[in-house]
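Novice: Sequence:
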Amino acid sequence: MKKRFIYHDEKSNKFWWIDYEGDSLAVNYGKVGSIGKFQTKEFDNEEQCLKEASKLIAAKMKKGYQEDPKFNFMDRYYFDDEEIGLHVKTSHPNFQCHFTDPLYMCCWDEESPFGSDEGADALNVLENSLRKEPDLDCADFPQMLIETMWGMKYIAMDSILEEDVRAQLLVDEMSTI
Numbered sequence: 001m002k003k004r005f006i007y008h009d010e011k012s013n014k015f016w017w018i019d020y021e022g023d024s025l026a027v028n029y030g031k032v033g034s035i036g037k038f039q040t041k042e043f044d045n046e047e048q049c050l051k052e053a054s055k056l057i058a059a060k061m062k063k064g065y066q067e068d069p070k071f072n073f074m075d076r077y078y079f080d081d082e083e084i085g086l087h088v089k090t091s092h093p094n095f096q097c098h099f100t101d102p103l104y105m106c107c108w109d110e111e112s113p114f115g116s117d118e119g120a121d122a123l124n125v126l127e128n129s130l131r132k133e134p135d136l137d138c139a140d141f142p143q144m145l146i147e148t149m150w151g152m153k154y155i156a157m158d159s160i161l162e163e164d165v166r167a168q169l170l171v172d173e174m175s176t177i
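Mind the numbering: the sequence shown is residues 1 to 177 in UniProt numbering, read in order.
Read the hints as simulated data drawn from the structure, not as lab findings.
Keep in mind that the hints are not guaranteed to be accurate.
[As the list claims (entries may be wrong)] FRET-style restraints, in silico, Cβ to Cβ:
1. Val165 - Lys70: 41 to 49 Å
2. Glu147 - Asp101: 45 to 53 Å
3. Asn45 - Asp121: 34 to 42 Å
4. Glu52 - Leu169: 21 to 29 Å
5. Ala58 - Val165: 41 to 49 Å
6. Gly22 - Thr148: 23 to 31 Å
7. Leu103 - Met152: 34 to 42 Å
8. Glu133 - His8: 23 to 31 Å
[Said to hold, decoys possible] Only pairs whose alpha carbons sit at most 20 Å apart, straight line, appear in this in silico EDC-like list of lysine to aspartate or glutamate:
9. Lys31 - Glu133
10. Lys31 - Asp68
11. Lys51 - Glu10
12. Lys31 - Glu52
13. Lys3 - Glu46
14. Lys55 - Glu10
15. Lys63 - Glu46
16. Lys62 - Asp23
Here the structure is a predicted model, which means the values were calculated and not measured.
Every residue gets a Cβ at the ideal spot worked out from N, C-alpha and C, and that includes glycine.
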C-alpha cells in the first residue's frame, strides 16, 4: 500500500511517502519539488512491517503531515536506497508491473541487467545525472554514456546503414563481431 503525506507551513514545504506490503517498506522524503531521499527496510514478517508502517504514519501525522491522496506516483523519479541497493519498492510502478522476474533486481549475477559492471555503472551514472539535473533529456543519455563513460564512438542507429556499422566495427578495436 502506498500513502503520501505533505507538510506545509511558513518555513517548510515537505513531502513523505511510504510503500508497505509484505515484509518490506520504502519511504521517500524531502522538500516538495525535489527527488528526496529513499530508504528501505526489511522485516521478518508482514505483521512486523505493518506495525512499523503504522507507527511511522502516526508519527508523521502527529507532526502535522496531512495525507495527499491526489499524489501522482507515476510522474516522478525513483532511486534505490544507497545502503541497500536494488529493491522493487524503490522502482517505478511501471517497472514493478512489467519486470517481475527476480533477475531484474539481481545485482550479483553477471547476466542480469544490473549485475554486470557496465549495467550497474550505467544505472549509477543515470541516477547521479538525474539527481543533479531532474529535467535531463534522457534521450541524450545513451550517447553521453557511450562516448564519455565508455570512450567509444556513438553511432546513431537511425542515421546509418547496417553495412556502415559492419565497416566501422572492422576498424574499431572495440569490435564485437
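Novice: Look at each hint and say if it fits the structure.
Specialist: Status of the hints after comparison with the structure:
1. In this structure the hint that Val165 and Lys70 lie 41 to 49 Å apart at CB holds, the actual value being about 48 Å.
2. The supplied range of 45 to 53 Å is broken by Glu147 and Asp101, whose beta-carbon atoms lie about 31 Å from each other.
3. For Asn45 and Asp121, the Cβ-Cβ distance of about 36 Å falls inside the hinted range of 34 to 42 Å, so the restraint holds.
4. Restraint check, Glu52 to Leu169: a C-beta distance of roughly 54 Å breaks the suggested window 21 to 29 Å.
5. For Ala58 and Val165, the Cβ-Cβ distance of about 59 Å falls outside the hinted range of 41 to 49 Å, so the restraint is violated.
6. Under the hint 23 to 31 Å, the C-beta atoms of Gly22 and Thr148, about 39 Å apart, miss the expected range.
7. A hinted range of 34 to 42 Å for the beta carbons of Leu103 and Met152 is inconsistent with their spacing of about 26 Å.
8. Evaluation of the 23 to 31 Å hint for Glu133 and His8 yields a pass: the beta carbon distance comes to about 26 Å.
9. At most 20 Å may separate the alpha-carbon atoms for a hinted pair to count; Lys31 and Glu133 meet this at roughly 16 Å.
10. A C-alpha spacing of about 15 Å is found between Lys31 and Asp68, which places the hinted pair at or below 20 Å, so the restraint holds.
11. Distance restraint check for Lys51 and Glu10: the Cα-Cα separation of roughly 32 Å exceeds the 20 Å cut-off, and the hinted pair is therefore not satisfied.
12. Restraint check for Lys31 and Glu52: the C-alpha separation of about 23 Å exceeds 20 Å, so the hint is violated.
13. Between Lys3 and Glu46, the direct Cα distance comes to roughly 17 Å. Compliance with the 20 Å bound is thereby established for this hinted pair.
14. At most 20 Å may separate the alpha-carbon atoms for a hinted pair to count; Lys55 and Glu10 exceed this at roughly 27 Å.
15. Restraint check: the Cα-Cα separation between Lys63 and Glu46 comes to about 26 Å, which exceeds 20 Å; the hinted pair is violated.
16. Only pairs whose Cα atoms come within 20 Å are accepted, and Lys62 paired with Asp23 is rejected, the gap being roughly 25 Å.
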